[in-house]
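Novice: Chain by chain, the residues run as shown.
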Amino acid sequence: MKEKLGLSRDRIAEARELAERICAPVMDFVEAHSSVTVERATLRLAGADDANADGVPVPNLVVDRLRDRLEDGALKWYVNALLRQGGTVESLNRKIAEGLDVSSVPLGDEKAVRARADELVDRGFARIRAARERRDAMRAEWKGRNNDPLLYLIVATGNIHEDVKQAKAAAAQGADVIAVIRTTAQSLLDYVPYGATTEGFGGTYATQENFRIMRAALDGEAERQQRYILLTNYASGLCMPEIAAMGALERLDMMLNDSMYGILFRDINMYRTFVDQKFSRMINAVAGIIINTGEDNYLTTSDAYEKAHTVLASQFLNERFGFAAGLPAGLLGLGHAFELDPTMRNGFLYELAQAQMAREIFPDHPLKYMPPTKFMSGDIFRGLVMDSMFNFVSKATNQGIHLLGMLTEAIHTPFMMDRFIAVDNAKYVMNSIADFHDEVEFRKDGIIVRRARDVLEETIGFMKEIAGVSLFDSIEKGMFADVKRPKDGGKGLDGLVKKGPAYYNPLETRLKNEAGLR
Amino acid sequence: MSNIVRPYGDTLDDGKVQLSFTLPVPDGAKGREAARKLVLSWGFKDCEVVHSNPLADEFSFYIAYGKSEASIDYESVVADEATEAAYLSMDEVNEFIKAKIGRKVVVVGACTGFDAHTVGIDAIMNMKGYNHHFGLERYTELETYNLGAQVPNEKLIEFAQKVNADAILVSQVVTQKEVHVSNMTQFVELLEAKGIRNRFICIAGGPRIGNKLAVELGYDVGFGKGSYADHVATFIVRKLVEKMGN
Ligand code: B12
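First to last, the sequence lines map onto chains R and H.
Every letter in the first sequence is one number past the one before it in this note's numbering, and letter 47, counting from 1, is 47.
Every letter in the second sequence is one number past the one before it in this note's numbering, and letter 148, counting from 1, is 148.
Just so you know, these hints were derived from the structure itself, not from any lab.
Among these hints, one or two may not hold up.
In silico DSSO-like pairs for lysine-lysine, Cα to Cα no more than 27 Å straight-line [said to hold, decoys possible]:
1) H:K155 to R:K165
2) R:K491 to H:K162
3) R:K487 to H:K212
4) R:K484 to H:K162
5) R:K491 to H:K155
6) H:K67 to H:K104
7) R:K487 to H:K155
8) R:K487 to R:K499
9) H:K30 to R:K374
10) H:K177 to R:K374
11) H:K128 to R:K374
12) R:K307 to H:K225
13) R:K484 to H:K30
14) H:K128 to R:K477
15) R:K374 to R:K477
16) H:K239 to R:K165
17) H:K239 to R:K484
18) H:K128 to R:K307
19) R:K165 to H:K37
20) H:K128 to R:K487
21) H:K155 to R:K477
Coverage of chain R stretches by chain H, computed from C-beta distances (three or more under 8 Å per stretch; other residues unrestricted) [said to hold, decoys possible]:
22) 166–173
23) 179–190
24) 263–272
25) 406–417
Heads up, the beta-carbon is just placed ideally off N, CA and C, and yes, glycines get one too.
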């Protein structure tokens, strides 16, 4: 990659060191804790599935009964019940759904439990590996046939079967990545709904069955197009790790997964979020799932010019937390966005500067670039022009994942024709500036170069401030996105579990090994 | 006096209208003809389909121009936007309160239900305000509480009772599948069930909320896009004085 901004490598390295310093105490906290959803994700990867007549998922039925005994981990109780009951995992799931309480089954021989647990863990990992190999094979077969950057479209009808139609149409129009956005409020559910769903608001429930339905549909479309179509969902909210687990099993390719988004934008407790994000990221690492971080969101509540440094700081932190969970740079789709006020003089130059800066600081990361949203209005004609400018910057700075802007952003979730117009626009702009990136350099000490340098400097200053008070305190003080969250406030704190001396979770151990953390 | 108007393209009364839409049929001559006939069936006298494109095997996109003879008497139209009324500035509101109410006016607001959008309610309530209009928090004669987003209706009402609010502000941004309608309705029903609807001035707001909808659902007023704290404050103090008079 050609460097055009002349950013100081030492200053970039300094920012990375600061990120390490900021994240270390958080990681210490994380190591000592589990949560109800970490336990449920563990059970899911070991085979727990199904739901009772009221729709309560089996992993919840197990963990709820063990609520005051979770310090040892939930898995041994599940495996113990399996041994005592005999039969398959599926038959145990059915019995639990019909009322069997695994916590009331007396614990038997520990060695036998451990041996059986290892088998279940092996089975889970074999499924994840198979999915990963399948993806690798398909991508190899159709190598070079995707757009660059990957064109990313969202579907959000609320009904998975309707989503399938929209997604196939989007792929046929040229999208490489389909994200099924989740329904309003799913992030606050402390369980993952079960089965195919047809009712959602502003999005569709993330369920394992919905994942499977969409995966099959996109594979069919990929075959037709001879081009791999990536599937994205949201490992965020109160069930981050479980959704990552489901995605690993059903071969999702990307997951929205931010270390702080839930805290800032969904008011989920910070301790809970940090614990959950680590576990979910280890799963993503092992499954080869690219994560998308959520820095773009900061700019919806803060000014995109004044707070550009909070985006870069968060990218450094997300990178650090990602590394700490075994995610390599190639799986870190760090987020940023084109959100400057369109009336700002030279706004386009600043956008170009910030996008190029992200590219140079994170050269091996498939950066995820987000379109204008905040300043989109009912004037769809102007909106289309703004999206064209965004398309220009994205291609001109070699972004990795390009979320297409919708001309109707301020009005409704996209219509089928809105997506078509977006793909058409992007293809036009990107084709006509295909080699712009290699062709054009920036004036030394010009507006663009200076802007990038200033943002980096401000970021370092900001990160020093955070390092001085701790990440927990800086969130409490509203240093990110102008949103303040008290340490013991927010949702989900009661689902946090302090690991006891006898905490047993062979799946976690295996995840750490495979993610290269030990 | 009447003033009959029609859409204007490049000549008075040419009635030209631009349309774009999707049909669940394949692109092609038959699709274009279907699009044209459909536009005519909407009452247009003339229709030209100027562009079509496949969106998928079974879907196609159309851009069309229609010529409409329909008209409206402009003089007969009554606008239904709360922001249109002449409103007071921040200082004038404060003076108004001192002169006619004589105590602080208490305002509680939130974005309710599962809606997580705070920027709208913050634009109205927070100190900083929006687009050079200060928020309610800055009004010296108002006592304000912004509860943020994802606030259940029950909680909002409970809080309003606790601080003896004069006005409750409800923000709704997500409107897909009419969630806002059911959520806004539930809010009013809760108040009515407790027999306290009339204790509060109830104000709804959000980009897709019109005054008409809000009033239909039992609110005193609704504010849509382009509304600011001054509009809201003006409404509250005038309404309060009106209520005190009764
Ligand atoms: C920023 C944003 C977000 C941010 C919100 C951050 C935050 N803390 O608020 C984030 C990223 C979190 C977000 C999430 C989602 N969003 Co959003 N979001 C937007 C966006 C880009 C801008 C909204 C905004 O801030 N506008 C600026 C403010 C100032 O304007 P405003 O809200 O209209 O407020 C003004 C007036 O309406 C009025 N007003 C508003 N409230 C009130 C209240 C009172 C009492 C009064 C008097 C006046 C008033 O006064 C304000 C000032 O003039 C819009 C698209 C757009 N450009 O509009 C989508 C949009 C609103 N989001 C949308 C959706 C669907 C979602 C999600 C459901 C997506 C998902 N499935 O996850 C989630 C919400 C989840 C949830 N639980 O609610 C849709 C809504 C579609 C619809 N009509 O139903 C939109 C339109 C985007 C789209 N096209 O899909 N979003």
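Novice: Each hint needs a verdict: does it hold in this structure or not?
Specialist: Going down the list of hints, with the structure as the test:
| no. | hint | result |
| --- | --- | --- |
| 1 | H:K155 to R:K165 | violated, 40 Å |
| 2 | R:K491 to H:K162 | holds, 23 Å |
| 3 | R:K487 to H:K212 | violated, 42 Å |
| 4 | R:K484 to H:K162 | holds, 24 Å |
| 5 | R:K491 to H:K155 | holds, 15 Å |
| 6 | H:K67 to H:K104 | violated, 56 Å |
| 7 | R:K487 to H:K155 | holds, 22 Å |
| 8 | R:K487 to R:K499 | holds, 20 Å |
| 9 | H:K30 to R:K374 | violated, 40 Å |
| 10 | H:K177 to R:K374 | holds, 22 Å |
| 11 | H:K128 to R:K374 | holds, 17 Å |
| 12 | R:K307 to H:K225 | holds, 25 Å |
| 13 | R:K484 to H:K30 | violated, 58 Å |
| 14 | H:K128 to R:K477 | holds, 18 Å |
| 15 | R:K374 to R:K477 | holds, 24 Å |
| 16 | H:K239 to R:K165 | violated, 50 Å |
| 17 | H:K239 to R:K484 | violated, 34 Å |
| 18 | H:K128 to R:K307 | holds, 16 Å |
| 19 | R:K165 to H:K37 | holds, 26 Å |
| 20 | H:K128 to R:K487 | holds, 25 Å |
| 21 | H:K155 to R:K477 | holds, 25 Å |
| 22 | 166–173 | holds (count 4) |
| 23 | 179–190 | holds (count 3) |
| 24 | 263–272 | holds (count 3) |
| 25 | 406–417 | holds (count 6) |
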